[in-house]
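Here's the letter readout for the chains.
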Amino acid sequence: MMVLAALWVVRPMAEQLADPEWPEPDEYQAQLDAWARVLAPLDSLVPAGEALAYLCAVDEQGRLYPEPDSRFDFIQAVLAPRRIGRTVESRYVLVHFLAREGQEQPRFDRARVLLELAQGLLLVERTGP
Amino acid sequence: MTLAGLLLGLGLAYAAGGLFAWRLWPGREKPALLLAALAWPAGLALTSSAYFLWMSISGGRAALYPWLEVVALAAASWFVRGARRVSGDRLVLPRRPKSAVEATALVVLALVVACALLVVLRYDAASPRGYWDAWARINLKARFLHAGGPEWTWIFRGDGVPHPDYPLLLECSVARLAHWSGWSGGVELLPARVLSVLGWLACSTTLLALVGHLRSPFLAAAAGIVLLCNRTDISWAATQYADFALATYFTWSAGLLVLATRGESSAEPWWPLVAFCVGSAAWCKDEGLAFAALVSAAALVAWISRGGRRWQAATAWAAGLLLGGGSVLVLKLGYSWRSSVFGARESSIWQDLTDPARYRVMGDYLLGHVRFEMAGWTLLPIAVALLLLPRERELRRSWLPCLLCAGTGLVFFLVMITTREDLDWHVGTTIERLVLHLWPTATLGAMVVLKSRE
Numbered sequence: 001m002m003v004l005a006a007l008w009v010v011r012p013m014a015e016q017l018a019d020p021e022w023p024e025p026d027e028y029q030a031q032l033d034a035w036a037r038v039l040a041p042l043d044s045l046v047p048a049g050e051a052l053a054y055l056c057a058v059d060e061q062g063r064l065y066p067e068p069d070s071r072f073d074f075i076q077a078v079l080a081p082r083r084i085g086r087t088v089e090s091r092y093v094l095v096h097f098l099a100r101e102g103q104e105q106p107r108f109d110r111a112r113v114l115l116e117l118a119q120g121l122l123l124v125e126r127t128g129p
Numbered sequence: 001m002t003l004a005g006l007l008l009g010l011g012l013a014y015a016a017g018g019l020f021a022w023r024l025w026p027g028r029e030k031p032a033l034l035l036a037a038l039a040w041p042a043g044l045a046l047t048s049s050a051y052f053l054w055m056s057i058s059g060g061r062a063a064l065y066p067w068l069e070v071v072a073l074a075a076a077s078w079f080v081r082g083a084r085r086v087s088g089d090r091l092v093l094p095r096r097p098k099s100a101v102e103a104t105a106l107v108v109l110a111l112v113v114a115c116a117l118l119v120v121l122r123y124d125a126a127s128p129r130g131y132w133d134a135w136a137r138i139n140l141k142a143r144f145l146h147a148g149g150p151e152w153t154w155i156f157r158g159d160g161v162p163h164p165d166y167p168l169l170l171e172c173s174v175a176r177l178a179h180w181s182g183w184s185g186g187v188e189l190l191p192a193r194v195l196s197v198l199g200w201l202a203c204s205t206t207l208l209a210l211v212g213h214l215r216s217p218f219l220a221a222a223a224g225i226v227l228l229c230n231r232t233d234i235s236w237a238a239t240q241y242a243d244f245a246l247a248t249y250f251t252w253s254a255g256l257l258v259l260a261t262r263g264e265s266s267a268e269p270w271w272p273l274v275a276f277c278v279g280s281a282a283w284c285k286d287e288g289l290a291f292a293a294l295v296s297a298a299a300l301v302a303w304i305s306r307g308g309r310r311w312q313a314a315t316a317w318a319a320g321l322l323l324g325g326g327s328v329l330v331l332k333l334g335y336s337w338r339s340s341v342f343g344a345r346e347s348s349i350w351q352d353l354t355d356p357a358r359y360r361v362m363g364d365y366l367l368g369h370v371r372f373e374m375a376g377w378t379l380l381p382i383a384v385a386l387l388l389l390p391r392e393r394e395l396r397r398s399w400l401p402c403l404l405c406a407g408t409g410l411v412f413f414l415v416m417i418t419t420r421e422d423l424d425w426h427v428g429t430t431i432e433r434l435v436l437h438l439w440p441t442a443t444l445g446a447m448v449v450l451k452s453r454e
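Residue numbers (the numbering used here), protein chains in the order written: chain H, 1 to 129; chain Z, 1 to 454.
Just so you know, these hints were derived from the structure itself, not from any lab. Misleading hints may appear alongside valid ones.
Claimed, not checked - Sample of chain Z residues facing chain H (criterion: CB under 10 Å; computed from the structure):
no., residue
1, A116
2, Y131
3, A142
4, L228
5, C402
Treat the numbers as computed from the prediction; the structure is a model and nothing was measured. Positions of the beta carbon are idealized from the N, C-alpha and C atoms, including for glycine.
Throw the hints in and build the complete structure from the sequences for me.
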């Protein structure tokens, strides 16, 4: 009886193990790897231990665009233990906006763009208050 | 990253738990198998609490922690060794299988566990960063706890840090093990992966050791197979979540309660150890806090109704709770008091409790999902066995794990019904995990009350 029960448990496991495609990676693994590549230059551009301010674009009503905003979890997970947040005070700012084809990059009066990390993602250094 | 450092960190946590279990286990004869199984969860709770307390006291001097741990462990082993000489405590090895049937059952179990371990390792290899809560919350906080410095408290106040009030057993364990292994923040998070797989192994070992000790090796093997019938559980083993650690503390709490109450002698010497496991559950996850509140309330009612030495029992209980989850109080009250349970609501708790639509959502999900993958078919024979094959009346306290399981399940159910978050989302993301939390305890309960021909 016990051998039969064990076989019943083991059989589906053996079938899974025999399938080289199983299991499919969690859907976010590739995204995290991609974000790690995109954000890698930050380590050399921003001093270690320096916090990062995060600025995400808002629409006409002042609401955050869901698309860039939903990526904040990934950015934060990759950059930890560097502090990053919307209320963080820092001269380094990660600017995240909706990248549409033909749309110009935002312009900054008191800041200079250090690097375009990806389309719609800029690292900016404040040059004034 | 050094493998030797990683193994040393694991070994020291195990040794700390082993010493603690040895010291607190009542009686002169200490069952070797149970102590060996208890050593890992106890060590995890102790070292993670110590890490957190050190971070709080030292202002984030995380790099000094490993040295502190070595000194503390050396002092503890010297103390326990001295006490052992005086008391004459001794280890009792598990008995050998009495029959060919028992031996065969154990061999079959070993094969099934080995197969399940391969499955778990394949899950782990496919998703080395763990699932959402692991990389977005647990390992995120672990990185701050590992880095230390004055900014480690960012995990309680960072504007994007999720669940700032959550208990930190796993987070501190990952950070602690990262120190031992010399991890420097690379892409691969081996400490978290190792702890995740060990959490599953510890939970399985706990169930096997308890059923083997309370009943027989044959029923232990049966319990192991019943546990592994739940294929959804196995799929969670490599997620790097704290659910298996929590299930382990639930199972230990239930098993120790049976050990404490089954004989004629006083249960009081067991209270610190039982409360330690209950407190560790509270230090592990929010669900563990609910469990600790439930069990402590039940213990309080029992002591008050019986009278006698209630203050001694309550003191022993409180000491155990503090040892297991004392840091939670510092965490919750000292750093963050943001609650995801109590807060602004769209409707009152009473309205939610009396809304049939919410029960329908829960019922539909349970009926739709608790099938083969979630061990649905095994629930039926277990329920029938519990109804038809109760053990002798004098062993009625063996029902404690089942009662504990039912009580905790009811609390979880009511928390879900009254959740202020979206019920559909909450049910979809939580019920599988709640089944996982209670499945080992339910299996223990069934095995303990089953009548057998031993």
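Structure-based check of each hint:
1. A116: For A116(Z), the interface hint holds, since the closest Cβ of chain H sits about 6 Å away, which is under 10 Å.
2. Y131: 5 Å, holds
3. A142: Nearest chain H Cβ about 9 Å off; hint holds.
4. L228: Result: holds, 5 Å to nearest chain H Cβ.
5. C402: 22 Å, violated
Against the hints set out earlier in the document, a violation occurs for number 5 only.
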